[in-house]
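Colleague: If you read the sequence shown in the UniProt record's numbering, its first letter stands for residue 1, the second for the next number, and so on.
Hints are not guaranteed to be accurate.
With a straight-line Cα cutoff of 27 Å, these simulated DSS-like cross-link-like pairs (lysine-lysine) come out [said to hold, decoys possible]: (1) K279 <-> K289; (2) K251 <-> K289; (3) K279 <-> K251; (4) K120 <-> K99; (5) K251 <-> K295.
If you are wondering where the hints come from, they were derived from the structure by calculation, not from laboratory data. All values reported here derive from a predicted model rather than from experimental measurement.
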Amino acid sequence: MTDQTFDDEPKRSTYDQTHDEAPARFRANHPEDQFIGASGVLFEQAMAQTRMAISLCDPHTEDMPIVFANRAFRELTGFPEDEILGRNCRFLQGPGTDKAAVQRIRDALANEDVIVVELKNYRHDGTPFWNALHIGPIYNTEGELIYFFGSQWDVTEVHTARAEEHHTRMLNRQLSHRMKNMFAVISSIVNMVGRAHGESETARAINERIIALGRTYETTLDAPDADSIALESTIVAVVDVHDDGQGRIVKEGPAIEVPFSLVSVIGLVLHELAANASKFGALSNDGGKVHIGWKMINGDRPRALQLRWEESDGPAVSQNADPGGGSLIVDRMMAQLGGNFEREWRENGLVATLTVPV
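Could you build all of it, start to finish, from the sequences and the hints given here?
Modeller: Written as structure tokens, this is what we have:
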């Protein structure tokens, strides 16, 4: 076993303080504040090593300036030491800083209370960040207030995650409401079509309408938290699958937002019209055309959406050319909404007008 030699004097710490001289400088400039001896050494090393941004403010000087800020504070804020010391910490505030949170801080300082608050601050380059700020009083052995201690922690990612979580909850509620609405419509369709057909036709008729509803609802997913949707996007989603690319379906009308509650109705009406036109009407031959126009109208009734479907150059369509029961479905939905669906079977093609209050 080798001999070991022990020195009588304790070895000096090998801790290198050169990376942050602010704690030692502050301690040297404030010898009266009990930062002496072992406690002073601990203060220097703790302030230099911690990754927590820490500052001290002087409550006895006008405007309560910062008198100490460690390296972590300077790195967090991007401000050099000569732009920090001697200034009130409000230089971190900006246009997005909540005034109510600032008032809470002022009240805590006035009452020498401890406070923890989250507020938006701004770095030297103007970049915003969410600051979890802890402020508390520091007293000497005589119980006299000598500083206010502040610690800052960047919680931007946490705050963003909270906001995203809140948005997701709202989104899920909106989507849940819309899905319930859609399945209620599907249930109604199943009941009505099931009574009108034998089993062999029921599955096909239901499937066609569900697909049409699916296309209609897809247009709502781009703005799941909105209360309305662009009418034209709904029209395009439903009828363009029946267009052969030859410009036979013309869509014309102003930019109109319609309540979400009307999306399923409009989608089903257009599906029934397009499906019948493809089988029996203007889209069943090579030369037929369809013009879809819409507008808002004001009359004796409340403000309403009027959508007009006009076929031309197609075969004459009889009133009985609807073996799928679509007219029955549309009529009942119109009755529920207080709307009206008129059809005129002309020799040149069907003209249908949907009027529904919005």
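Colleague: Hints first: check each against the structure and report whether it holds.
Modeller: Quick rundown of the hints versus the structure:
no. : hint          : result
1   : K279 <-> K289 : 14 Å, holds
2   : K251 <-> K289 : 11 Å, holds
3   : K279 <-> K251 : 20 Å, holds
4   : K120 <-> K99  : 10 Å, holds
5   : K251 <-> K295 : 12 Å, holds
When held up to the earlier numbered hints, the structure conflicts with none and fits them all.
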